[in-house]
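Chemist: Given only the sequences and the hints, what does the whole structure look like? Please build it.
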Amino acid sequence: MLAKMLKRKVSRSVMEAPDPSALNVGGTPLAPVLEQITESETKTKTENGEVHVKVEIRSPVDPDVQYQYQRPDLLQGYSEADWKDFASHFKRPVVGPRAPLPAEIGYAEAMNAGKSKLNEDQATVHEGQLKGMNGVIIPYLYVGVFDGHGGAGAAVKVSKDLHGILHEGLEDVLPYMVSVNKPCPNVEVEELSSSSDDDNDDDEEEDEFVEMKMTLDELICGSLESSFWAMDRLILNDKAKYKITGGTTAVVALFICGKLYVANAGDSRAALYLPGHSTLHPMSRDHTPFSDRQRIQHIAYQRPELTRHPKTKEKLYNRHLLSRKVTKDDIGSTVMYKDFYMSGWSCRDVSSDDVHLLPIISGKHIKTSFGKRQRLQGFHSR
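Position one of the sequence shown corresponds to residue 1 (the UniProt record's numbering), numbered consecutively onward.
Derived from the structure by calculation, the hints contain no laboratory data. Misleading hints may appear alongside valid ones.
Straight-line Cα separation of at most 20 Å, SDA-like style, residue types lysine to any residue; simulated pairs [said to hold, decoys possible]:
1. Lys160 with Tyr142
2. Lys325 with Gln297
3. Lys338 with Leu322
4. Lys259 with His281
5. Lys315 with Lys328
6. Lys328 with Leu358
7. Lys131 with Pro175
8. Lys259 with Cys221
9. Lys117 with Thr245
10. Lys91 with Leu118
11. Lys131 with Glu168
12. Lys313 with Arg303
13. Lys259 with Arg285
14. Lys91 with Ala110
15. Lys160 with Val125
16. Lys239 with Gly151
17. Lys117 with Ala87
With beta-carbon atoms standing in for the labels, derived distance ranges [said to hold, decoys possible]:
18. Ser278 with Gly135: 42 to 52 Å
19. Val326 with Ala108: 43 to 53 Å
20. Ile137 with Glu314: 49 to 59 Å
21. Leu260 with Ser291: 14 to 24 Å
22. Ser79 with Arg295: 39 to 49 Å
23. His309 with Gly246: 22 to 32 Å
24. Ile138 with Gly276: 27 to 37 Å
25. His309 with Gly96: 42 to 52 Å
26. Leu260 with Asp329: 26 to 36 Å
27. Asp64 with Ser116: 14 to 24 Å
28. Leu260 with Pro100: 14 to 24 Å
29. Asp349 with Tyr107: 46 to 56 Å
30. Gly77 with Leu260: 27 to 37 Å
On a predicted model such as this, the values are computed, not experimentally measured, just so you know. From the three backbone atoms N, C-alpha and C, an ideal C-beta is built for every residue, glycine too.
Modeler: Shown next as structure tokens:
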């Protein structure tokens, strides 16, 4: 199913690539890139000697970008002059939708002074329907927030494409969702138990036609998981055709079948507020270099080639997490460290590798096999 989703989305992305000459994408005015905004003055003199000055402001359009930079579609109705004013690091106004959002959803954004020249974050609100056979219709509401970093390209792309990929994944499992409380179409459903030592060949052949029992939660969570993975692969594929800057986290809330499902990648959070309760209830778990440390170190242990340069094969990264930065003067002395099989600290001698290699886990970032700093991409759902 994942391959089908990715293939479908890749072909769709090529067909639906926007016209680079358009100044508006998705009906939302482009927010100006402050240094690159061009102003042209046209002066005309009337018969009585009066001079009229016409000033035109143009936003840059990058022909190599699939989706031009913009603020979320839910913030329609603002002019480019408004967005230029909103980007002021002195005023820092709070901007919200001018039109009401579905299900009384609220949204607001503001830029932190001095952090970046553009707001690299994005958001999406989408109401959809799954239409099956015999007139079955399952409505759903999708809300996503995407924290861009190092450029807005990835966040814009995910805000445009992820809900479409998820919709396709939900459509694929719709027959199972409809039949979740009875045998799935054309298959026999039963709980699979561990086989005993005396199972014969007939039992094994019969098991080939038996499908494991599925729950609604498993089907919807699986669609969310595969859509996040397909989105990540789509960005990787599209980087060969388009300029996609930066990276992004993602947190998605899906309201479907009377339940709330939350999926996230990175450190964007979701929390549930219940009337009458004084605290928020966490609905997501952050993915950070340290929360995912052991899994990352285990991958580096199993696939040591990923810690080397892809061409020269020179070793670049150190798998161990050290308690402090070391120098060549520390070689032979003791340092505390953690490896993939350790939850606590232990000690060992400092080696030359500890001095010369880059730590695979460092600060708030993770070193990837591409040698580029980026936030951890992971997934969690509830």
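Chemist: The hint says 14 to 24 Å between Leu260 and Pro100; measuring C-beta to C-beta, is that right?
Modeler: Between Leu260 and Pro100, where Cβ atoms are some 21 Å apart, the hint holds.
Chemist: Would you mind confirming whether the straight-line C-alpha gap from Lys259 to Arg285 stays at or under 20 Å?
Modeler: holds, 19 Å
Chemist: Given the hint that Lys338 pairs with Leu322, does the C-alpha gap stay at or below 20 Å?
Modeler: holds, 7 Å
Chemist: Is the Cα-Cα distance between Lys160 and Val125 20 Å or less?
Modeler: holds, 11 Å
Chemist: Keeping to a limit of 20 Å between CA atoms, is the pair of Lys239 and Gly151 held or broken?
Modeler: With Cα atoms ~14 Å apart, Lys239 and Gly151 stay inside 20 Å; holds.
Chemist: Sort out whether Lys328 lies within 20 Å of Lys315, counting only the CA atoms.
Modeler: holds, 18 Å
Chemist: In this structure, is the beta-carbon distance linking Leu260 and Ser291 contained in 14 to 24 Å?
Modeler: Holds: the Cβ-Cβ distance is about 23 Å, inside 14 to 24 Å.
Chemist: Could you grab the alpha-carbon distance between Lys117 and Thr245 and see if it respects the 20 Å cut-off?
Modeler: holds, 15 Å
Chemist: Hint says 42 to 52 Å; check whether the CB-CB distance for Ser278 and Gly135 agrees.
Modeler: Since the Cβ atoms of Ser278 and Gly135 sit about 45 Å apart, the hinted range of 42 to 52 Å holds.
Chemist: Can you confirm whether the C-alpha distance between Lys328 and Leu358 stays at or below 20 Å?
Modeler: holds, 14 Å
Chemist: Holds or violated: the 42 to 52 Å window for the beta-carbon distance between His309 and Gly96?
Modeler: holds, 48 Å
Chemist: Could you tell me whether the CB distance from Val326 to Ala108 stays inside 43 to 53 Å?
Modeler: holds, 45 Å
The structure does not agree with numbered hint 26 stated previously, though it agrees with all others.
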